[in-house]
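*Asks:* Here's the letter readout for the chains.
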Amino acid sequence: MTSPEPAAAEDRPESMRWLALVPRAQAGDTMAIDELVALLAPYVGRITGPIAMQDGPDAAQEALISILTGLRQLDNPAALWGWARTIAVREAIRTAKRAHVSVANELADLPSPGDPELAVDVQDVLRRLSPEHRAILVLRDVEGLDEQAASEQMAVALGTVKSRLHRARRHSRKAWER
Amino acid sequence: MTTNWPTAELDPLRRLEVMAAVTGVTMVDRVLPTAYERVWPVAADLERSMPALITDIKQARLRTTPTGRSELWVRTHLGPRARFDVALDEGWCWCQSRLWVCGLAAVSTAEGTRFGFLAGPRGRLPRGLGPVLGPVTERLAHRAVRRLEAAVREA
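Line by line, the protein sequences give chains U and X. Residue 1 is where the first sequence starts when you use the working numbering, and the numbers rise one by one after that. Residue 1001 is where the second sequence starts when you use the working numbering, and the numbers rise one by one after that.
Just so you know, these hints were derived from the structure itself, not from any lab. Here a beta-carbon is modelled for each residue, glycine too, at the ideal position from N, C-alpha and C. Treat each hint with caution, since some may be false.
Which bits of chain U does chain X cover? Going by a derived footprint, with three or more residues having C-beta under 8 Å, they are [as the list claims (entries may be wrong)]:
id, segment
1, 23 to 34
2, 45 to 51
3, 64 to 75
My request is simple: use the sequences and hints to build the entire structure.
*Replies:* What follows is the structure in structure tokens.
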């Protein structure tokens, strides 16, 4: 599976320096490892923050440890960001569940893209979602993934993502028509 | 309307914990009852702080290469010299020589400054040596943090 690159322009450093850092880090150059940590941290934090919420820094730390200790397994340095995203999402969900951040999924449906509710109080919306739902929301709205890519990333059926998003649009429209 | 998504920050102490996990070198940390503004300048003055933190080091000289990289040349009491590559930033320092790594980190807290330190061998150790060397480097790291605390008091 080829993971899509991050959509948000600010996530990717302007230079392609990171591409040269990967083989150096894989060879045990800790200066390169440190530089990769610094480059990846903001990107990983943008994923773990909304999913793990107050435990976002713990999740970011765990994700970066997992990314850097497993770096030797990365055959294609160009796949770094997609690979980092997969690990960041997984660690964020795991951390949120471990910390009992997970709620009883009060808000069963996801808000649609551009939903005013998201802009007004994203923290409240996130609090009312399960970690898995938060992850889909982040992949779609922060990472800009389409349904196919989000389902691959989350390892859930495409139909599941589609139905959640479909219900989300209906739910959101009804709520705002009241 | 834009959405202000929450983000997670990786402070220097967490960054050092990541580096400790990746390099396998034990990190120690301690809260010093002194303001960050007094602690970090002492720690970041590597020519003075390195011989204070690591007593094997007799002398340390920081140089900038023509390409803009920082290098720390150290001389030990026994004579050998070593060159460390250095990445120095606010609250953060990472050094690497051919055989050793060393990291310093500091963040401001309500009680003062949380200071983290690690120093140990670089690369994979021969089988069986890790469990032996781990407690030794940890003990030396605790001692180094106490020395830094003393250096801050004297500064």
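*Asks:* For every hint, state whether the structure bears it out.
*Replies:* Verification of the hints:
Under the rule that three or more residues need a Cβ within less than 8 Å of chain X, the assignment of the segment 23 to 34 of chain U holds, with 6 such residues. Look at the segment 45 to 51 of chain U against chain X: 5 of its residues bring a Cβ nearer than 8 Å to a Cβ of that chain, three or more, so the hint holds. With 4 residues bearing a CB less than 8 Å from a CB of chain X, the segment 64 to 75 of chain U meets the requirement of three and the coverage assertion stands.
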